[in-house]
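Heads up: the sequence lines are chains A and B, in that order.
Note that the working numbering has the first sequence beginning at 266, numbered continuously upward.
Note that the working numbering has the second sequence beginning at 266, numbered continuously upward.
Please note: incorrect hints may appear among the correct ones.
Copies of one chain are not kept apart here, so a pair can be met inside one copy or by any two copies together.
[Claimed, not checked] Each computed DMTMM-like pair below joins lysine to aspartate or glutamate, with the alpha-carbon atoms no more than 25 Å apart:
(1) K346 / D415
(2) K617 / E630
(3) K514 / D565
(4) K514 / E533
(5) K617 / E508
(6) K392 / E486
(7) K392 / D420
(8) K570 / E630
(9) K457 / E508
(10) K514 / E599
(11) K520 / E397
In short, the hints are calculated from the structure, not lab data.
All figures in this text were calculated on a predicted structure; none of them were measured in a lab.
Listed below are the residues making up each chain.
Protein chains: 2
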Amino acid sequence: MEAKPKTDMVAVDAARSLGVVQTREYTFAGPLALESGESLGPVTIAYETYGHLNAERSNAVLILHALSGDAHAAGYQHGEKGPGWWDPMIGPGKPFDTDRYFVICSNVIGGCKGSTGPASTNPQTGKPYGTEFPFITIADMVEAQRRLIDHLGIDRLLCVAGGSMGGMQALQWVASYPERVRAAIPIATALKHSPQQIAFNEVIRQSIMADPAWRGGDYYETGQPEKGLAVARMIGHITFMSEQSMEEKFSRKLKKGQLSFNFDADFEVEGYLRYRGANFVKRFDANSYLYITKALDYFDLSGGKLIRPGGTDTCFLVISFQSDWLYPSYQSQEIVRLLKRRRVDATYCELKATYGHDAFLVEVEGQGLLIRHFLERTYRGERNGNGRAR
Amino acid sequence: MEAKPKTDMVAVDAARSLGVVQTREYTFAGPLALESGESLGPVTIAYETYGHLNAERSNAVLILHALSGDAHAAGYQHGEKGPGWWDPMIGPGKPFDTDRYFVICSNVIGGCKGSTGPASTNPQTGKPYGTEFPFITIADMVEAQRRLIDHLGIDRLLCVAGGSMGGMQALQWVASYPERVRAAIPIATALKHSPQQIAFNEVIRQSIMADPAWRGGDYYETGQPEKGLAVARMIGHITFMSEQSMEEKFSRKLKKGQLSFNFDADFEVEGYLRYRGANFVKRFDANSYLYITKALDYFDLSGGKLIRPGGTDTCFLVISFQSDWLYPSYQSQEIVRLLKRRRVDATYCELKATYGHDAFLVEVEGQGLLIRHFLERTYRGERNGNGRAR
Chain A
266 MEAKPKTDMV AVDAARSLGV VQTREYTFAG PLALESGESL GPVTIAYETY GHLNAERSNA
326 VLILHALSGD AHAAGYQHGE KGPGWWDPMI GPGKPFDTDR YFVICSNVIG GCKGSTGPAS
386 TNPQTGKPYG TEFPFITIAD MVEAQRRLID HLGIDRLLCV AGGSMGGMQA LQWVASYPER
446 VRAAIPIATA LKHSPQQIAF NEVIRQSIMA DPAWRGGDYY ETGQPEKGLA VARMIGHITF
506 MSEQSMEEKF SRKLKKGQLS FNFDADFEVE GYLRYRGANF VKRFDANSYL YITKALDYFD
566 LSGGKLIRPG GTDTCFLVIS FQSDWLYPSY QSQEIVRLLK RRRVDATYCE LKATYGHDAF
626 LVEVEGQGLL IRHFLERTYR GERNGNGRAR
Chain B
266 MEAKPKTDMV AVDAARSLGV VQTREYTFAG PLALESGESL GPVTIAYETY GHLNAERSNA
326 VLILHALSGD AHAAGYQHGE KGPGWWDPMI GPGKPFDTDR YFVICSNVIG GCKGSTGPAS
386 TNPQTGKPYG TEFPFITIAD MVEAQRRLID HLGIDRLLCV AGGSMGGMQA LQWVASYPER
446 VRAAIPIATA LKHSPQQIAF NEVIRQSIMA DPAWRGGDYY ETGQPEKGLA VARMIGHITF
506 MSEQSMEEKF SRKLKKGQLS FNFDADFEVE GYLRYRGANF VKRFDANSYL YITKALDYFD
566 LSGGKLIRPG GTDTCFLVIS FQSDWLYPSY QSQEIVRLLK RRRVDATYCE LKATYGHDAF
626 LVEVEGQGLL IRHFLERTYR GERNGNGRAR
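So here's chain A without its partners, still in its complex pose:
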């Protein structure tokens, strides 16, 4: 991680960059007991760490990724042009300041970025699991992460933080292990999916499964269901952007200056969606998309499931974005209302942003400022997070 950056792009902000990083693996035999009643093992978790764990082991921050994210949250990897998916947020002097905190990010189980998922080898058959892979939930993802945190020798996390599905995992950490989390930052997320959110995921799944190349999930020798997966991702991209950001980026601009009067992509927005769909197929496994969207839909920490009767010392920073219509602010406000009713220390902020749901990835300034101060105060013990378990 301390190696010198090798590309020009890295050199530009080298002083605040983590430089070249590497993904590691932690494997445990399991079996991991899953919510479905099934079990999974052995389990490999791909993860990255940035910065150093202090002597008290009190400065660890767990970053949790969204649907198609991975363990590579920050810094650069050889052969890749861009940095990790949350690089502007993580590094020396950045909001998740690696001069101060030990930052961890791991790929979820069920994913396809190094952790055990449907594309992994099923030890019972010697072939990829495909749809023989057991169903996993957000709680199962967190359970696997807990094993990694144990392995890293960390008793209590300073903070768990993430956007979208990452926010659900942050909430699930508090629900599953409140005593092991001083602070949680759920961003652009929800206690549970609304029927509209389920509906979008269902159409995404149907699009993948409608492709004959899906073959019931058994396509690892024949190739991905590329067309179905591309359409699925195009649906996703519409929901990630806002009407306003689409208007600003594309308006009704034509790709070729005039209408084609055929089924080509006439408008720039069409070309963009086609490009994003085609690109996604190269980097993500269709079965993982199916499993993870189901985990999102199953997630439900409403009612008494987030905070147990005794309450919690975990303190919260809840963030939402104005133009996000996939995870609208009212869903973050539901989290905050629930926390307040349980007398949990919670701060809420709805940030101005035109990017829609993508804001949690790209709106760095406002989000970064909030997170920086919240983390500092938590770390210095000025919040509830300095409670009983320390």
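Here the structure of chain A is known, so what remains is to put chain B in place on it, guided by the hints.
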């Protein structure tokens, strides 16, 4: 049309029902010159009429249907359980009062409900057009309707009215033939599609074309691209409903009382979408869906294209619905602002409704009242509509 109703369902509101109606056909040799530069002929238009044309031929109302609509707007047809798509709005004593007005509804060209479209026989090959069918625009649809109106001997329409794509046709009628339209009622529609609306249509098209059964549009002997078309329609249905109506109708209710932990439809909303998708495949042609969504995306009457410099005597009632996020109220307000700038007599109303875009089909009460009074005043000559061309 005067035949006695034959089913119990009809009998219930027989006094205000049109009873059994029939669809007729009007065919002209053409060729119809299309906006693309191509031409189409012969052209058949399927249409229905309700009520009687008066001696002055001044009481004709043209109803314009939406994407998947047809000429059967009201009354009952043998062998069908339900009435036409806007039956609560059209009939004796109803808002479009057939005791008073002569109501016409025709299927758009490019469609698949009796009018010439991609599934029709190409006279040059003796086989269905498929994607040899020329591109059509909303203006082309209106041009074909104009021939029907000529054929029916109507010089000037009392009113053109419709929701969604029907509203676009209403606007296009004023743009193309302002002197032939006394009043226009565009409902839940827009002057042009936003990039988000284009994006949804593009994903719908990609879903159809991704299905190998589509075969480049040449599937009339081998069967519809059922899976792709079903997914396409599922996407549509999400956009037709509102978050609130989905919450009220489905919430997170489970189909079988418990989670399946497999890829079955766990939630009622999933089952509903699958049902609507599968049902649509039985009644609509995939190529028509492609052609008509393109016509929607191409439509653009912004700027000076709706009202020419000399203005118009046509008066407008513009209606939108609060929870409609597919054609949000701001788009109707853009129509009204444009009309006001051109000193056109225009009334605007945003109606309360939780149904989303579907409101134009199902929210009868408020919409009906507005339309009834607007039509009456126009008919009595109390509005601009009584201007120069009479």
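Hints, one by one, checked against the model:
no.: 1; hint: K346 / D415; in the structure: neither (33 Å within a copy, 63 Å between copies)
no.: 2; hint: K617 / E630; in the structure: within (11 Å within a copy, 38 Å between copies)
no.: 3; hint: K514 / D565; in the structure: between (35 Å within a copy, 19 Å between copies)
no.: 4; hint: K514 / E533; in the structure: within (9 Å within a copy, 36 Å between copies)
no.: 5; hint: K617 / E508; in the structure: both (15 Å within a copy, 22 Å between copies)
no.: 6; hint: K392 / E486; in the structure: within (10 Å within a copy, 39 Å between copies)
no.: 7; hint: K392 / D420; in the structure: neither (37 Å within a copy, 73 Å between copies)
no.: 8; hint: K570 / E630; in the structure: neither (33 Å within a copy, 42 Å between copies)
no.: 9; hint: K457 / E508; in the structure: both (24 Å within a copy, 14 Å between copies)
no.: 10; hint: K514 / E599; in the structure: between (31 Å within a copy, 20 Å between copies)
no.: 11; hint: K520 / E397; in the structure: between (43 Å within a copy, 23 Å between copies)
Checked against the numbered hints given earlier, the structure breaks hints 1, 7, 8 and satisfies all the rest.
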